[in-house]
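Engineer: One line per chain: the protein sequences are A and B, in this order.
For the record, in the first sequence the residue sitting at position 157 is 231 according to our numbering, with numbers rising by one throughout.
For the record, in the second sequence the residue sitting at position 136 is 210 according to our numbering, with numbers rising by one throughout.
Keep in mind that the hints were calculated from the coordinates and are not lab data.
A few of these clues could be false.
Identical copies look the same in the list; a pair holds intra-copy or inter-copy alike.
[To be verified] Straight-line alpha carbon distances no greater than 20 Å define the calculated EDC-like cross-link-like pairs of lysine to aspartate or glutamate that follow:
# : residue 1 : residue 2
1 : Lys96     : Glu256
2 : Lys113    : Glu196
3 : Lys188    : Asp203
4 : Lys140    : Asp203
5 : Lys275    : Glu114
6 : Lys113    : Glu230
7 : Lys131    : Glu230
8 : Lys140    : Glu230
Number of protein chains: 2
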Amino acid sequence: MVLVDIGNTNIHIWIDGKTINKKSPEKYNGRVYYISVNKEKEKIFKKLNPDAVNLEKYVLFDTAYKGLGIDRIMACKSISDGVVVDAGSAVTIDIMQENRHLGGIIMPGIYAFKQAFGTISEVLQFNPDIINTFYPNNTSEALNMGSVGAIKCMIEKYSQNRKVYITGGDGEFLSRVIENSEYIEDLVFLGMLKTIKELEKK
Amino acid sequence: MVLVDIGNTNIHIWIDGKTINKKSPEKYNGRVYYISVNKEKEKIFKKLNPDAVNLEKYVLFDTAYKGLGIDRIMACKSISDGVVVDAGSAVTIDIMQENRHLGGIIMPGIYAFKQAFGTISEVLQFNPDIINTFYPNNTSEALNMGSVGAIKCMIEKYSQNRKVYITGGDGEFLSRVIENSEYIEDLVFLGMLKTIKELEKK
Numbered sequence: 075m076v077l078v079d080i081g082n083t084n085i086h087i088w089i090d091g092k093t094i095n096k097k098s099p100e101k102y103n104g105r106v107y108y109i110s111v112n113k114e115k116e117k118i119f120k121k122l123n124p125d126a127v128n129l130e131k132y133v134l135f136d137t138a139y140k141g142l143g144i145d146r147i148m149a150c151k152s153i154s155d156g157v158v159v160d161a162g163s164a165v166t167i168d169i170m171q172e173n174r175h176l177g178g179i180i181m182p183g184i185y186a187f188k189q190a191f192g193t194i195s196e197v198l199q200f201n202p203d204i205i206n207t208f209y210p211n212n213t214s215e216a217l218n219m220g221s222v223g224a225i226k227c228m229i230e231k232y233s234q235n236r237k238v239y240i241t242g243g244d245g246e247f248l249s250r251v252i253e254n255s256e257y258i259e260d261l262v263f264l265g266m267l268k269t270i271k272e273l274e275k276k
Numbered sequence: 075m076v077l078v079d080i081g082n083t084n085i086h087i088w089i090d091g092k093t094i095n096k097k098s099p100e101k102y103n104g105r106v107y108y109i110s111v112n113k114e115k116e117k118i119f120k121k122l123n124p125d126a127v128n129l130e131k132y133v134l135f136d137t138a139y140k141g142l143g144i145d146r147i148m149a150c151k152s153i154s155d156g157v158v159v160d161a162g163s164a165v166t167i168d169i170m171q172e173n174r175h176l177g178g179i180i181m182p183g184i185y186a187f188k189q190a191f192g193t194i195s196e197v198l199q200f201n202p203d204i205i206n207t208f209y210p211n212n213t214s215e216a217l218n219m220g221s222v223g224a225i226k227c228m229i230e231k232y233s234q235n236r237k238v239y240i241t242g243g244d245g246e247f248l249s250r251v252i253e254n255s256e257y258i259e260d261l262v263f264l265g266m267l268k269t270i271k272e273l274e275k276k
């Protein structure tokens with residue numbers, strides 16, 4: 075079985091438990107399931123894999139959120155209770171309670187924060203780091219607190235002792251900053267697998 | 075008496091209690107005091123006002139923060155206890171306790187957040203607004219919470235029931251979002267006046 079997650083920049087592929095990343099769509103053998111937030115790449119992918127199943131059509135997900143991306147839905151679907159964080163170009167924070175999605179937040183990703191500071195003034199430079207002071211005492215610490223610390227502040231505001239599940243490119247780093255959190259690379263694929271299981275039960 | 079605050083973009087001028095904004099330095103009559111974070115404009119200003127006094131040389135300020143901008147110092151100096159927020163192109167959050175500066179945070183300004191989201195994806199658009207839901211349920215609410223809400227989260231993390239004094243271009247808006255806060259347009263000038271009083275006592 076092959077699972078494909080077509081994102082804005084990368085295509086993530088899961089083949090029997092192993093994951094790889096590609097920039098362009100490719101042809102796969104066997105049963106192929108996919109989700110996509112990129113219509114251009116999806117079109118090419120569908121031509122190469124005409125029998126591939128778009129799981130967005132079948133997924134059951136309880137939310138009042140209008141326009142929730144299918145990648146966020148799948149990551150959330152992998153858990154029943156807790157906070158799901160996808161730390162990529164943006165950082166999304168979604169709250170799950172008893173298999174219900176309560177709502178979500180979108181923050182700039184860590185790289186986007188760096189870029190934003192650089193646009194304001196060239197002196198506003200820092201390297202994202204874990205947080206080890208409460209009161210920053212230089213520019214670098216002040217910027218780290220105002221970006222990594224702000225992401226931490228928002229996640230903790232919504233987690234309120236619930237477990238935090240983190241995925242995405244900056245996920246491993248962020249899991250070292252956030253208490254009671256776990257980095258899970260395959261969160262989206264776990265949600266896709268759960269959806270396939272539900273589909274097979276019908 | 076004339077007070078001049080030469081910033082990166084604008085020059086703020088205080089003349090006997092009235093404030094105006096200019097883009098370029100001008101000549102003033104009477105006693106002129108100034109601060110500057112813009113070396114280019116300061117040079118032109120000094121040529122036009124050779125007797126103007128740079129208050130940065132005289133200000134007394136207790137902090138361990140290395141490289142704290144003179145505008146942030148003056149805004150902080152205007153109070154003894156509480157949190158000082160300057161909401162401009164960046165949002166600075168500084169904590170004062172018994173006339174001592176404990177540390178500070180730098181976040182992107184509201185416009186910088188908007189720009190950062192737009193750079194990630196053209197669908198990530200919103201209009202900054204007051205916050206009236208805890209769980210955002212659409213993209214616009216999610217982005218507002220991830221920017222205005224994140225600034226609120228950080229200010230409240232550091233205020234801990236201390237009063238919040240807000241200045242800067244987005245200060246009036248932000249004061250409507252932050253509890254126990256007050257918008258004071260002239261915070262920097264109040265700090266400059268306090269510095270002049272201290273100078274005259276010597």
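Engineer: All hints are to be evaluated individually against the structure, with a verdict given for each.
Structural biologist: Okay, the hints, checked on the actual structure:
1. Lys96 / Glu256: For Lys96 and Glu256, the Cα distance exceeds 20 Å both inside one copy (25 Å) and across copies (51 Å).
2. Lys113 / Glu196: between (36 Å within a copy, 14 Å between copies)
3. Lys188 / Asp203: within (12 Å within a copy, 24 Å between copies)
4. Lys140 / Asp203: between (34 Å within a copy, 19 Å between copies)
5. Lys275 / Glu114: Neither: 32 Å inside a chain and 71 Å across chains, both beyond 20 Å.
6. Lys113 / Glu230: neither (34 Å within a copy, 41 Å between copies)
7. Lys131 / Glu230: neither (33 Å within a copy, 42 Å between copies)
8. Lys140 / Glu230: neither (24 Å within a copy, 29 Å between copies)
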